[in-house]
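Undergrad: Sequence:
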Amino acid sequence: MSGLWNKGYDVLCLIARTLYNLLRHEKKYHKKVTEKFGGYVL
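At position 8 of the sequence shown (counting the first as 1) the number is 8 in UniProt numbering, and the numbers step up by one without a gap.
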């Protein structure tokens with residue numbers, strides 16, 4: 001049972017890290033696009 005729990009915890013950590021990286025990357029990307037296109041994005 002504890003082995004399964006550890007596996008689930010690892011998966012949760014992986015998902016959380018991936019989401020965090022995606023969000024951070026998306027913010028950076030959005031900023032870049034906004035700077036490049038200015039008012040056209042809105």
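A couple of the hints might just be wrong.
As the list claims (entries may be wrong) - The calculated SDA-like cross-link candidates involving lysine to any residue, where the alpha carbons are at most 20 Å apart (straight line), are:
hint, residue 1, residue 2
1, 7, 19
2, 31, 20
3, 36, 24
4, 36, 26
5, 27, 11
6, 7, 23
7, 28, 12
8, 28, 18
9, 36, 19
10, 31, 21
11, 27, 16
12, 28, 38
13, 28, 16
14, 7, 17
15, 32, 22
16, 7, 24
17, 31, 19
18, 32, 16
19, 27, 38
20, 27, 8
21, 32, 20
Said to hold, decoys possible - Pair ranges (Cβ atoms, derived):
hint, residue 1, residue 2, range
22, 4, 33, 27 to 33 Å
23, 11, 34, 31 to 37 Å
24, 9, 32, 31 to 37 Å
25, 5, 25, 27 to 33 Å
26, 36, 13, 46 to 52 Å
27, 2, 24, 28 to 34 Å
Keep in mind that the hints were calculated from the coordinates and are not lab data. Glycine is no exception: its CB is placed at the ideal position from the N, C-alpha and C atoms.
Undergrad: Confirm or reject each hint.
TA: Hints and how they fare:
1. 7 - 19: Roughly 18 Å between the alpha carbons, so the hint for residue 7 and residue 19 holds.
2. 31 - 20: 17 Å, holds
3. 36 - 24: 19 Å, holds
4. 36 - 26: Roughly 15 Å between the alpha carbons, so the hint for residue 36 and residue 26 holds.
5. 27 - 11: 24 Å, violated
6. 7 - 23: Cα-Cα ~24 Å, so violated.
7. 28 - 12: 24 Å, violated
8. 28 - 18: Judged against 20 Å, a Cα distance of about 15 Å means the pair holds.
9. 36 - 19: Not satisfied, since the Cα-Cα distance of roughly 25 Å exceeds 20 Å.
10. 31 - 21: Holds - the C-alpha atoms of residue 21 and residue 31 are around 15 Å apart, at most 20 Å.
11. 27 - 16: Roughly 17 Å between the alpha carbons, so the hint for residue 27 and residue 16 holds.
12. 28 - 38: OK: residue 28 and residue 38 at ~15 Å, within 20 Å.
13. 28 - 16: Distance ~18 Å between residue 28 and residue 16 Cα, so the pair holds.
14. 7 - 17: 15 Å, holds
15. 32 - 22: Status holds; Cα separation ~15 Å.
16. 7 - 24: Violated: residue 7 and residue 24 sit about 26 Å apart, past 20 Å.
17. 31 - 19: Holds: residue 31 and residue 19 sit about 18 Å apart, inside 20 Å.
18. 32 - 16: Distance of about 24 Å is beyond 20 Å: violated.
19. 27 - 38: Judged against 20 Å, a Cα distance of about 15 Å means the pair holds.
20. 27 - 8: Not satisfied, since the Cα-Cα distance of roughly 29 Å exceeds 20 Å.
21. 32 - 20: 18 Å, holds
22. 4 - 33: 27 to 33 Å: 42 Å, violated
23. 11 - 34: 31 to 37 Å: Given range 31 to 37 Å: holds, Cβ gap about 34 Å.
24. 9 - 32: 31 to 37 Å: Holds, since residue 9 and residue 32 (Cβ atoms, about 35 Å apart) stay within the stated range.
25. 5 - 25: 27 to 33 Å: 30 Å, holds
26. 36 - 13: 46 to 52 Å: 35 Å, violated
27. 2 - 24: 28 to 34 Å: At 33 Å between Cβs, range holds.
Checked against the numbered hints above, the structure breaks hints 5, 6, 7, 9, 16, 18, 20, 22, 26 and satisfies the rest.
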